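Q: Those sequence lines, one after another, are chains A and B. Here the first sequence is numbered in this note's numbering, starting from 16 and rising by one per residue. Here the second sequence is numbered in this note's numbering, starting from 570 and rising by one per residue.
Hints are computed from structural coordinates only; laboratory data are not their basis. Quantities reported herein were computed from a predicted structural model and do not represent experimental measurements. The C-beta atom is built at its ideal place from N, Cα and C for all residues, glycine as well. Nothing false has been slipped in among the hints.
Residues from chain B that face chain A, not an exhaustive set, calculated with beta carbons under 7 Å: (1) I802; (2) G805; (3) G806; (4) V815; (5) S816; (6) I819; (7) S912; (8) E913; (9) R914.
Result set (BS3-like, lysine-lysine): computed pairs, CA atoms no more than 25 Å apart in a straight line: (10) B:K906 x A:K26; (11) B:K917 x A:K26; (12) B:K812 x A:K90; (13) B:K635 x B:K696; (14) A:K119 x B:K590; (15) B:K718 x A:K119; (16) B:K812 x A:K72; (17) A:K80 x B:K591; (18) B:K926 x A:K80; (19) A:K29 x B:K910; (20) B:K918 x A:K26; (21) A:K26 x B:K907; (22) A:K73 x A:K26; (23) A:K90 x B:K590; (24) B:K617 x B:K955; (25) B:K910 x A:K26; (26) B:K812 x B:K918; (27) A:K72 x A:K90; (28) A:K80 x B:K918; (29) A:K119 x B:K591; (30) B:K590 x B:K918; (31) A:K29 x B:K918; (32) B:K917 x A:K80; (33) A:K29 x B:K917; (34) A:K29 x A:K80.
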Amino acid sequence: MVEYITRITMKLIKRDELDTNNLKNVSEVDANCVRSFGHQLAGRSERIAGMMERLAKKGFTFTAKQDSIIAESTKVEAQTAKRYLLQEGFHDSEFQVYLEYTRKWGVL
Amino acid sequence: MSQIEVTKKAKQESEVGRWMKKEDSWAIMIALGLIILATITFFTGGSKFFTTMAVAIPGWSKDASKLAGGLGKSFLGLIYLYVFFTAVFGMGANVLGFNVRQFIAGFTTLFVASILVTVLGSNTFIKEMQLETPLLALIIGLLFGNTMKLPEWLHQALRTEYYVKTGIVLMGATLPFTIILKAGPAAITQALIVSVVTFGIIYFAATKLFGLDPRLGACLGAGGSICGVSGAIAIGGACRAEKQHVSIAISMVIIWAVAMIFLLPFWAKSLGLAPGIAGAWIGTSEFADAAGFAAAEAIGDERAVKTFTLMKVVGRDMFVGIWAFLVAILSVTVWEKKSAKDSERIDKKEIWNRFPKFIIGFFIASILTTMVISFLDPKAGAAYSKDIIGSLKTLRGWTFTWTFLCIGFTTRFRELTSIGWKPLAAFALGVIVNVPLGYWLSNEVFASYWLGIK
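For reference, chain A alone in the conformation it holds in the complex (with noise of 0.2 Å):
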């Protein structure tokens, strides 16, 4: 009866953490919070990374955005690929699933 696509965004980038490195307040924004924020980057491309490679073997296909990794399926139901990234080691905070469902042909 229905169709769906299930889509998992991983941010590469997050807002929290550019306020949290003084990185959006100029004036005191030194080389240490850059290269901290550096660190983070990479550590978190790493992860992402690890996700991408775990989902791909699911069968999933990847878009870049401005400042994330969309992941898409159409054969994984997002509670199923939840649980495969949990126990795989990732968490919660690390991505969000949207789940759209379309009616097939015809239905009311």
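Chain A is fixed; fit chain B onto it per the hints.
A: Relative to the frame of chain A, chain B by itself:
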């Protein structure tokens, strides 16, 4: 052009492309396009095309000569009607990725069937049997859809949602915005009471009484309280329900929605309800837009269709995004037993993403025609109401007839039976409360609002 500009342009194009691939977008474009064109021709003196196209089949009894005369006069109008809607729906079908040749063949069949049904529905004897055109279309569709295998090319044109959304936007043009503003708060309050109570009962029954998965409970609750299949789909997506959960909820909605198309108008007429109250009750207690329009049209009075639309579209459909957002938060915190800090983040965009976009078209249509009338002097305003709004009302009637035929053709009872007794029982409990509560609110608490809609 810089790299940033190229990227921006590509992004914009892909967003426009995505927008064009949605049924809601085509329903808005077709209906608003029609309203704008008709309005322009009113001022330029070329509205004859639209008034001719708005064919109303005359009533007839045993003497078929009146019918033959009426059909003869309307022949050119029927050709216009067929050509216009085949062209615009066909264009949309092409972009939406349907097989256009098959769509046109299917739509042609649907169009011929709609004429036959409307002719039958205009017969005084059949009308006396309480078989208005919507019910007749539904019965004929159900009969064919459940007893014979329909050809594949016909399937392409059986797009219930495509036609009903176009009809709803056209409905906006016939509903003054002042009425929406006046009755909106009553509709929203009544809908909120019924939605919360019905959702709560179905969800409680499903999870606590029958031990079903909370996600299935939420899909059933949404289907029975918010906005039928659209509600079940939106909430199912928001709480990451399994495909099976959503399918069960849709089956429940279809079974009850089809039953209510016959039951609600029958009860409303038996209880002698005023059309405005009957429409509000149907808007509160029907489960799907398309089915609700069939039931409201079966009352046989425009006031019932108006109050139904206010209740269903303004009161219920509009809030599906907010419901989805709340259920999404519930699913990642309560159901997954996690604190807000540890749970997955839910984006506020969820509200907009799940919002049924055709409602925007409905509001624009209403604002547009209300503004036009307010700028005209009383004489010209009356002419605009008669020629343009009157024609749009008739055209809306045709889109609904195609909708009702589609409901019939596509509802396969055999395919809806494998759902198990527990979801059926949970949903039935919701119906048992929803229907009398909807009656009481429409007929007692908010009666003065609904009686005031002319």
